[in-house]
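Asks: Sequence:
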Amino acid sequence: MMRAVWSAVWVAVSVWMLIGAAVGCASSASGGAGGSGRAARAGLGVGAVEEGFRREGRQPVVSIFEALDLPTPTERRLGSGAPGPGYWQQRVDYTIDARLNAEARSVSARVRVVYHNNSPDELDYMWLQLEQNLFRTDSIGTLQRTPGSVMKMLESDFDGGYTVTNLRSEGVGGQPLSMRVYDTLARVDLASPIPAGGRFEFSFDYEFVIPPHLRRMGAEEVEQGVIFELAQWFPHVCNYDDVNGWNTKPYLGSGEFYTNFGSFDVRITVPATHIVSATGVLQNPEEVLTEIQRERLRTALESDEPVRIVTRDEVGGAMVRPRTTGELTWHFKADDVRTFAWASSEAFLWDAVGVDVTDRDGTARRVLVQSFYPREATVWDMDHAGGGATRAGKHSIEFYSDFLWPYPYPVMSNINGPEGGMEYPMIVFCGSRENVDGMVGVTDHEIGHTWFPMIVNSDERRYMWQDEGFNTFINIYSLAAYRGEEPNVERHLRQAVEIASSVHPQPIMTEPDRMWSRWVGGLNYRKTGLGLYLLREKILGRERFDTAFGDYVRRWAFKHPQPSDFFRTMEDAAGADLAWFWRGWFLEAAQLDQAVAGVFREDGRTIVVLDNNARMVMPVFLRVTFKDGSVENLTLPVEIWSTTDRWRAVIDKSGREVRSVEIDPEGVLPDMDRSNNRWR
969 MMRAVWSAVW VAVSVWMLIG AAVGCASSAS GGAGGSGRAA RAGLGVGAVE EGFRREGRQP
1029 VVSIFEALDL PTPTERRLGS GAPGPGYWQQ RVDYTIDARL NAEARSVSAR VRVVYHNNSP
1089 DELDYMWLQL EQNLFRTDSI GTLQRTPGSV MKMLESDFDG GYTVTNLRSE GVGGQPLSMR
1149 VYDTLARVDL ASPIPAGGRF EFSFDYEFVI PPHLRRMGAE EVEQGVIFEL AQWFPHVCNY
1209 DDVNGWNTKP YLGSGEFYTN FGSFDVRITV PATHIVSATG VLQNPEEVLT EIQRERLRTA
1269 LESDEPVRIV TRDEVGGAMV RPRTTGELTW HFKADDVRTF AWASSEAFLW DAVGVDVTDR
1329 DGTARRVLVQ SFYPREATVW DMDHAGGGAT RAGKHSIEFY SDFLWPYPYP VMSNINGPEG
1389 GMEYPMIVFC GSRENVDGMV GVTDHEIGHT WFPMIVNSDE RRYMWQDEGF NTFINIYSLA
1449 AYRGEEPNVE RHLRQAVEIA SSVHPQPIMT EPDRMWSRWV GGLNYRKTGL GLYLLREKIL
1509 GRERFDTAFG DYVRRWAFKH PQPSDFFRTM EDAAGADLAW FWRGWFLEAA QLDQAVAGVF
1569 REDGRTIVVL DNNARMVMPV FLRVTFKDGS VENLTLPVEI WSTTDRWRAV IDKSGREVRS
1629 VEIDPEGVLP DMDRSNNRWR
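With the numbering used here, you'll find the sequence shown wraps up at 1648, consecutive numbering, no jumps.
Warning: the hint list may mix true and false statements.
[Unchecked claim] Here are the simulated distance ranges between beta carbons:
hint, residue 1, residue 2, range
1, Lys1527, Ser1485, 30 to 38 Å
2, Gly1165, Thr1063, 21 to 29 Å
3, Tyr1055, Ala1448, 31 to 39 Å
4, Gly1047, Arg1073, 48 to 56 Å
5, Gly1165, Ser1048, 22 to 30 Å
6, Asp1329, Val1471, 51 to 59 Å
7, Gly1597, Gly1635, 18 to 26 Å
8, Arg1573, Arg1522, 42 to 50 Å
9, Asp1324, Glu1454, 37 to 45 Å
[Unchecked claim] No more than 25 Å apart at the CA atoms, straight line, and that leaves these computed lysine-lysine pairs for DSS-like:
hint, residue 1, residue 2
10, Lys1595, Lys1621
11, Lys1301, Lys1527
12, Lys1527, Lys1217
Hints listed in this document are in silico derivations from the structure and should not be mistaken for laboratory results. Here a beta-carbon is modelled for each residue, glycine too, at the ideal position from N, C-alpha and C.
Work the whole structure out from these sequences, hints included.
Replies: Structure follows, in structure tokens:
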């Protein structure tokens, strides 16, 4: 046995030495990329230079082409990536009566909740999210903050959080309920289980002081008053699903939200001088708006150009409000939304415009797009040379309705205030105030979140990339259309290379609260966005990608997809095996380094030798320039790397002399070493 082994080794070494000599001869004749001596192997057929050729240390335990180890399909989530006949999700309906104490900067409210248990399980208890508890001095999010992290905003002595009282079940036999608080979570034990298909009603009171830090909400003093932006402002029921049961990951600051769809019936009492914008449709405009404002809104809905609802001269004046003393209650309703947010201020200018949206059944309707901003927000004004925020919002609604799915709601409000950028159903917070590009970019990004995750409601706390990255991807095209430019991914590409070349790179699938602070944006936003851009433009092609991505949106609209549902849907609808792409781009922190190892002539043909020097694989995009001035662009499929790291391909049979060969001439791949991408 040992003799046979040594014989096999000796034969392999001898063959390798002979091949090496042939390569040396070819190299001396043709040269290699960047002066490399590595080139073709004379006498071998076109194709893999050596079946199974791998560089030292490059023989992976798992091939990058191997099928992913995804969750076993069920009747709830099919192998095709579609929700199955047994798919279910919970629904939670809220009725809230809230009051803003502007002087004390606090909120108090009474909440009634109807929980619909659509699961096949009995529920003995439920979990609540208490996200305001992040602002307690002893919260996990506060204590784990690091310099440069988003939680640096918690560096103060402010001790916030909810005070919850009067928690009790409603209906016949209603009784007090106990609640045990664990950081940003609370467990509520039930006197009797909620049966499968049953419902449970309960209520509670709560209050909190608005934190002085800015983390997706807050208050800001401006020239004519204070702008309040309220989000994560009420205790709500955690999502119970078929994958994880109760989703009880705490709110630490980076990971966002995974919430239930439901309805909201909300009354908000504020000082009479304030104007309020919120998720949903205003139910009592005759009580909280002047007749002039109501008429202007009717005009704006039918207008294709912005209309001023509160002008620069009017803001802060008595004519803006039905009365200026005491309080007024604003009443909003919304259905099929995942949460509720609002803003309130006496300093708001306000303009609005109508947008045509055609639903999937062909029904045409108008959507009201509006902006609320202080005088200081100069670039938001509808008469600004940059076009103003309302025109930017109008573009976003129109573009994404056509590109993805019709905007499903009757209104969209854009608020300029303390928060730099945050999204909620029918309302977004955008902080950029003096820079046109910043205002347009943030507005487009936050409105784009209507589709991810307001419509396609993924688990943001675990998989931030599944909404931020998808949104960044569609922003590439929307912003290019708004500016009349070609899509640009230079910034995305730079950061993808930077992350891959770091000492300790992390994969996109890392939970956001476990990511290094410096990579949260680069991985979840830009690398994911770039990956989908490459999948559309370079791997699948636009038609194939758009069909599959459209199927993903259609299948999972107003549902809760997991990453495996996305991976499977794209493969199923595009008819492509993309395991290599998902593994290299999302599941691993793989690097890409394609190289031209050499070019030589053989039997009247010109042959290029290509190397894949790192773990990640991609198709090879070649540009061949001949000495007669002609140019040919060639693409080799990614499958050439399935059994080898070195490939040779015929690039010419006509006898033309080659001047140069270049890999990825457009520079869109995150190649770690571009110095070896060109021959001559």
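Asks: Each of the hints needs a verdict: does it hold here or not?
Replies: These are the hints, each one checked on the structure:
no.	hint	verdict
1	Lys1527 / Ser1485: 30 to 38 Å	32 Å, holds
2	Gly1165 / Thr1063: 21 to 29 Å	22 Å, holds
3	Tyr1055 / Ala1448: 31 to 39 Å	36 Å, holds
4	Gly1047 / Arg1073: 48 to 56 Å	52 Å, holds
5	Gly1165 / Ser1048: 22 to 30 Å	27 Å, holds
6	Asp1329 / Val1471: 51 to 59 Å	54 Å, holds
7	Gly1597 / Gly1635: 18 to 26 Å	22 Å, holds
8	Arg1573 / Arg1522: 42 to 50 Å	48 Å, holds
9	Asp1324 / Glu1454: 37 to 45 Å	27 Å, violated
10	Lys1595 / Lys1621	15 Å, holds
11	Lys1301 / Lys1527	21 Å, holds
12	Lys1527 / Lys1217	20 Å, holds
Comparing the model with each numbered hint stated earlier shows that hint 9 is the single one that does not hold.
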